[in-house]
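Student: One letter stands for each residue in the lines below.
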Amino acid sequence: MPRRPHRSGWARRMDRRGLGFVTPFLIAFGLFMVAPLGYAIYTSLYTTRLIGGTTFAGAANYTQVFETGQFWTGVIRVIIFGAIQIPIMLAIAFFFATIFDLGVAKFGRLFRTIFFIPFAVPAVVAAVMWSFLLEPQFGPFTHAANAIGFHNVNFFSSSLMLPTIIVIVIWEWTGYNMVILYTALKSVPRDVVEAAILDDTPLWKIILRIKLPMVRPAIVMLVFLNVIGALQLFTEPLILSYFQPQAVSFAYTPTLYIYNTAIGNSQYNLSAAAAVVLGLVIVIISVVSLVFRRRRGEFA
Amino acid sequence: MSTSALAPPPETPSPPATSRRERRRRKRLEEQASTIPIELYGLRRGTVTAATVCCVLFALFTLVPIYWIVVNSTKTQANLFETFGFWFARPFVFFHNLSLLTQNVGGYGTYLQWLGNTALYAVLGGGGATALAAFAGYGFARFRFRGSRALFYLVIAALLVPITAITIPLYLTYAKAHLINSIWGMILPSLVSPVGVYLMRTYVEVSVPRELIDAARIDGAGEARIFFRVALPLMVPGVMTVLLLSVVLVWNNYFLPLVIFSKNNLYPLTVGIGLWAQRAQGSGNAQLFPMVVIGGLVTIVPLIILFLVLQRYWRGGLLLGSIAN
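The listed protein sequences correspond, in order, to chains A and B. One point on numbering: in my numbering, the residue at position 193 of the first sequence is 193, and numbering is uninterrupted. Each position in the second sequence, counted from 1, maps to that position plus 300 in my numbering.
Worth flagging that the hints you see were computed from the coordinates, not collected in a lab. Predicted model, so just to flag it, every value in this text is computed and none were measured. C-beta atoms are modelled at their ideal positions from N, C-alpha and C, and glycine is treated no differently. Hints may be right or wrong, so weigh each one.
Said to hold, decoys possible - Covered stretches of chain B (chain A as the covering partner; in silico rule of three or more C-beta atoms under 8 Å from a C-beta of chain A):
no.	region
1	362-370
2	384-390
3	531-544
4	602-609
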């Protein structure tokens, strides 16, 4: 042990050194995260008019957001989107992660690499590719649907738009989720599984009763990150709307509403209020799901 | 830093591999050793076939768009719409399409410039974010100072903040500070990566022993020296993971540059291709659709190569997010 003649001096030195490592990040964090968020809240409390300038508006912008039906339609739409897309994607990802972990498929490493490729594709490019593939007149998938008996399918119609976006997002993100689950499964101790095998435990029980609970922290983290992403759905519907302008409305998702309100209509104060409300929705959904999990005893 | 980043992951102290093939062979053996032979599970015959078929089907789903974009990057605009999407058509204009990427067609901007911009933003933004996250993650994991826990939770809570709640006020601030159409308006916000800090802290917790740091202190090493000589070499897989994730995040970022840039010579690829896609529909410019397609192809190729090359460095690091709690 080192000699510590001045205990408080040592402690203070540690203090300063630790802060030294953290400070560069904290400066950037303060300037480009905390300050803009503060400014968003500040701006949301004011109103700017062409005549009369900027005046304090109190909760007026928030009242307007709460009374804007299409904003809430968008919120409900992204919640439905997440509630369908995330479970399907995680189920597929877990299925393949298990296959690769068990080593029951041939060419496992090759498939793992292939599945991960979409992570390298920007959402903009992914949406462009799928727009061409699913285009109602000339898209090859539309032709294929015709050929197998589904005539006049329009993947961009208002009823099929959300399922189409779900497929695109599943395409984009399954591989990434799969790799994380695979790595987590790999860390399950071998002797636990071997003991189960010696007990003649059937394979499905080993997977669902032993492995699945042990990778639950990874799944919880993935759910959390995917929910935050789903609630901010933006790029895919925007790019699809370039190809099919009538298919995606001004407020199709909350983020589209905020973007169009700010950049299209220059209503920055209203847009800031909507952004703050969206942030609160994200916080509420995260906290509720956390409490729900805790009640089921998973964090105990 | 660059020399240590090139060193092999330290937790596998295998003798220096003689050749590429030898390394591969050893890796395969290691993998086999860690996998329980499938016969032990008592699987029915046909399980391997069924699992492989499932993999093939999902691989097809994954590769169809990639295959489509490769095939269609060789087509003219007319053929793009009138010929079968999954096969080639005459005339073969791949190189002509490629040459369009060096021109400012229709005044919307030059792809080559966007490619350069994207690389600049990704290297400076992603690299800077990784450096800040490595410092901060180490600081949070191995030092206890007043408010360190509260600060860390604040950083994690930032994950819940919507990008719109950051980007719209940044845009308003930039307008006042004359940072609209400045590359720093893009690069500086990219330096903040709460996920990176979280991942680095978790990685330091499991891979840099406190005893090692204490021993170095007893030897009289300064804190900076301990970080660069003792801790950083142990953090390489984690650093590579965060670097890759940060670079991809900036490379693929769409919302921030879409909002803050109004001059098309500053666009990254995502915003440029988005603009082409938007204008191709209405303007009747006969070259924009092929440009969107070939532009998309050229955008994804560098990242796929980056992944394959860096694969062995970062794969181990992906686990780190999941050990938390």
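Student: Give a verdict on every hint.
Tutor: The hints, checked one at a time:
1. 362-370: The restraint on the region 362-370 of chain B holds, since 7 of its residues have a Cβ under 8 Å from chain A and three suffice.
2. 384-390: holds (count 3)
3. 531-544: violated (count 0)
4. 602-609: holds (count 5)
The structure fails to meet hint 3 from the earlier list, while all remaining hints are met.
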